[in-house]
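So the sequences go chain by chain: A and Y. With the first letter of the first sequence counted as 1, position 249 gets the number 249 in this note's numbering; the numbers rise by one all the way through. With the first letter of the second sequence counted as 1, position 127 gets the number 127 in this note's numbering; the numbers rise by one all the way through.
If you are wondering where the hints come from, they were derived from the structure by calculation, not from laboratory data. It is possible that some hints are incorrect.
[As the list claims (entries may be wrong)] Below, computed lysine-lysine pairings styled on DSSO-like, alpha-carbon distance capped at 27 angstroms:
hint, chain 1, residue 1, chain 2, residue 2
1, Y, LYS69, A, LYS349
2, A, LYS191, A, LYS8
3, A, LYS228, Y, LYS226
[Unchecked claim] Simulated restraints, written as ranges between beta carbons of each label pair:
hint, chain 1, residue 1, chain 2, residue 2, range
4, Y, GLN295, A, GLY93, 42 to 52 angstroms
5, Y, ARG265, A, PRO37, 52 to 62 angstroms
6, A, ARG322, Y, MET475, 35 to 45 angstroms
7, A, ALA348, Y, SER33, 42 to 52 angstroms
8, A, GLY183, Y, VAL314, 56 to 66 angstroms
[Unchecked claim] To list a few chain A residues with every Cβ distance to chain Y over 12 angstroms, as calculated:
hint, residue
9, ALA13
10, GLY30
11, ARG86
12, ASP202
13, VAL281
14, LYS282
15, ALA344
By construction, the Cβ of each residue, glycine as well, lies at the ideal position given by its N, Cα and C atoms.
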Amino acid sequence: MLIPTDEKELADAISSAKGPLSIRGGNTRGFAADGTPLATTGLSGISLYEPGALTLVAAAGTPIDDIQDALAAEGQRLPFEPIDHRPILNSQGTPTIGGVVAANVSGPRRIQAGACRDSLIGVRFVDGQGTTIKNGGRVMKNVTGYDLVKLMAGSYGTLGVISEVAFKVLPAASSAACVLIEGLTDANAIKAMSRALGSPFDVSGAAHVPVGLDGTPVTMIRLEGFEKSVRYRANELKNILDEFGDINIELDPANVAKGWAWVRDATPFVGTNGDIWRVSVKPSDAPDLVAKIAPKSHLYDWGGGLIWVEVASGTDVRAAMRNIQGHATRIRGDGHAPKFHPEAPLLAKINRELRQKFDPRGILNPSLMG
Amino acid sequence: MEMPIPNADILAKKSRLVERLLQVLPNEAVIHSENETKVYECDGLTAYRCPPLCAVLPACTEEVAAVLKICHEMNVPVVPRGSGTSLAGGALPTADSVILGVARMSEVLETDYENRFVRVQTGRTNLSVTGAVEEDGFFYAPDPSSQLACAIAGNIAMNSGGAHCLKYGVTTNNLMGVRMVMMDGSVVDIGGAHLDASGLDLLGIICGSEGQLGVVTEATLRILHKPEGARPVLMGFDSNEVAGACVSDIIKAGVLPVAIEFMDRPVIEATEAFAGAGYPDCEALLIVEVEGSDQEIDDQLDLICSIAERHNPVELRQSKSADESARIWLGRKSAFGAMGQINDYMCLDGTIPVSELPHVLRRIGELSDQYGLKVGNVFHAGDGNMHPLILFDANKEGDLELCEAMGADILRLCVEVGGCLTGEHGVGVEKRDLMFDQFTATDLEAQMVVKDVFDPNWLLNPAKVFPLSASEERMAS
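Please construct the entire structure, taking both the sequences and the accompanying hints into account.
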């Protein structure tokens, strides 16, 4: 295993590589391809954090917990609520901030605060030839040149190995509440979440759990902010959602946090044995698609725009997606179908040519993304 | 500023080109007489002008594709144009190029409140996107100050921001999908009403690529429900440093205002003379706006005022009504016009780390003395996006060049303290030759290979973004 301790060693490791490299951070998300393992865990540490400017810069191998602890000490947080994949994948190791970026890992707050890529404002990376490249910077508004920052987020190590990342961060909310509706069908739950998300009340999470802890369906809508404001908005939401069913408001911070961590990490699938897919669609398309897939179990996040499904091993859920805009990624399992959604021919060509430009030898997580 | 020498071969085949364009477009959509092409000789950066070979105004994606296919076959450069409001020369033609304007493509194609998006043709203006949904309580968040005139096409090309992006983000954070015509005439759909890309984030690289990767003809945009209300507080301070420290303290206190606007003494004085908004006589002024219900707004403004009190403000004026809000915003909204009354001005757009604000303002003051040109500063303080306005006299020999040199020094200063050349206007031709101050040759090469993939012959929007010395080899081949 190659574990460079600075950017130069990383560049040397890549330029002198004779064959495929399996790029990973803490390797907790199950995406590293076959090859000689190359981990970024040796590049670690927060190099700059200015709470008054809402910006943080860290080496790619910095443990995500270190980042979140440093932010929490100043009452701030990463806006996009990254998922911990370890429970559902039963993986070991320490998730890194570089891995979060490489996989563009975004949790429930994605619908309000954007994805990981939306908070990312700068990267340094080493391409497949061993060349070190910088893009973006440490300021949150920057349109100088092409935005390779976005291109690197979610490229799973296939364009280059990320060595440093810079983020726009946000104040952490001092208070949160969860509006809970029990007993909704999937279709009604999507309608209720759409109404909440289409309200002025700044919803920061909208999930539907078809089989809740007590066996009945529960729809969860989160509000965050200052306490008085959160209470006010929770009551307003209760009023506009009244027709959907019995509504309770959870105000205990520990319970709210626990509930959303449970959704974020797709906890219903921990310890199950089917394949897990993550499907991104227009929310109103979601219930019919789920009916077609007929999964063993499922969970809606992002107001219905994100569906987690568990299906029998080897099932290709994309077969149910004909005529539906969106994409599906296999998170757990090894079926015949590719992990990533196949692209339309012209887009596949652009993806392939971009990878050839940044990694002409095809050694960085080869074949992972097509 | 240098532009590439027009290609004589292309100039020579103008009549053949026009003939072919007229085969795929109606007569009125092909503009080729010399007195008419003059309309397209510049954009919002009026210091530089050059009429194009001809201009075309297609009405749909298919017509855009037909035009690009012809230009591709004849090896003619194409300059895409939204409404032509770029302050960076992003739509400046070359004499051997075809201007492709999307102004006739302004339809709303789909409105979906349940899934919270609109799909529009990209010639639609920014404000009229909101206009299409506001009766139902929704809005499109990015709000560049040219929003009455600027087109979504240009917003996507430049990744435009606005005053409210501290909370809502810039164009790239609100763009969900595009239909784009490639230079060879092929059409691609990227993203859509669902979230996040499959495969590489091509949407992310297209947004902000200044029309150099393809012509975006349709866009799927995120819309949000309007907040219940919004009100600002105005605060005056007796130094830029104190105002800067106050911004930092507000952010650290956990409040996220939708806007924090900063004006310094020259701008305050100019706007008072021009608009009479009743601003205090002080060195620095902040306008901080928050959103929510009346009670939520009061609570947030109370908190913000208590933070400001610690910095001994010379004035603290909390808006209690729509009228008072309008009065507070009046001066800020007329700032550019007010400066324009005094003289010609050049508007810069560098971003700096917020912590460097006092230092940078001091250095700008020193540069102003050194060059003998007055500067006013008005900008989005929450995100460090500065807009120094350098006053000069366009009729005075050498003044423009002096102003350009001073502007370049200010932008180099932004980069030196950890910031960048442009926060929301784009590079265009204006900052093209400063790119080496921010990037190494390797950094720029990594951007240029992306263009190689999308536009191998480098025909789209020539002579923008990259220094001519860096791109000339590719342009020549």
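Tested hints:
1. Taking the CA atoms of LYS69 (chain Y) and LYS349 (chain A), the gap is near 19 angstroms; set against the 27 angstroms cutoff, the hint holds.
2. Distance restraint check for LYS191 (chain A) and LYS8 (chain A): the Cα-Cα separation of roughly 53 angstroms exceeds the 27 angstroms cut-off, and the hinted pair is therefore not satisfied.
3. With a C-alpha separation of about 20 angstroms, the suggested pairing of LYS228 (chain A) with LYS226 (chain Y) holds against the 27 angstroms cut-off.
4. Between GLN295 (chain Y) and GLY93 (chain A) the Cβ separation comes to about 47 angstroms, which falls inside the hinted range of 42 to 52 angstroms.
5. One distance hint, 52 to 62 angstroms for the beta-carbon pair ARG265 (chain Y) and PRO37 (chain A), holds here, with the actual separation near 59 angstroms.
6. Restraint check, ARG322 (chain A) to MET475 (chain Y): a C-beta distance of roughly 44 angstroms satisfies the suggested window 35 to 45 angstroms.
7. For the hinted restraint 42 to 52 angstroms between ALA348 (chain A) and SER33 (chain Y), the CB-CB distance of approximately 44 angstroms keeps it satisfied.
8. In this structure the hint that GLY183 (chain A) and VAL314 (chain Y) lie 56 to 66 angstroms apart at CB holds, the actual value being about 58 angstroms.
9. Even its closest Cβ contact with chain Y, about 18 angstroms, leaves ALA13 (chain A) beyond 12 angstroms, as expected for a residue assigned away from the interface.
10. No Cβ of chain Y approaches the Cβ of GLY30 (chain A) within 12 angstroms, the least distance being about 18 angstroms, so the stated non-interface status holds.
11. Every CB of chain Y is more than 12 angstroms from the CB of ARG86 (chain A) (nearest about 22 angstroms), matching its label as outside the interface.
12. Interface exclusion of ASP202 (chain A) from chain Y breaks down, the closest Cβ pair being 8 angstroms apart, not more than 12 angstroms.
13. Residue placement check: VAL281 (chain A) does not keep its beta carbon more than 12 angstroms from all beta carbons of chain Y (closest about 5 angstroms).
14. Not every C-beta of chain Y lies more than 12 angstroms from that of LYS282 (chain A), the closest at about 4 angstroms, which undercuts listing it as non-interface.
15. Not every beta carbon of chain Y lies more than 12 angstroms from that of ALA344 (chain A), the smallest distance being close to 7 angstroms; the non-interface claim is violated.
Of the numbered hints stated above, those contradicted by the structure are hints 2, 12, 13, 14 and 15, listed in ascending order.
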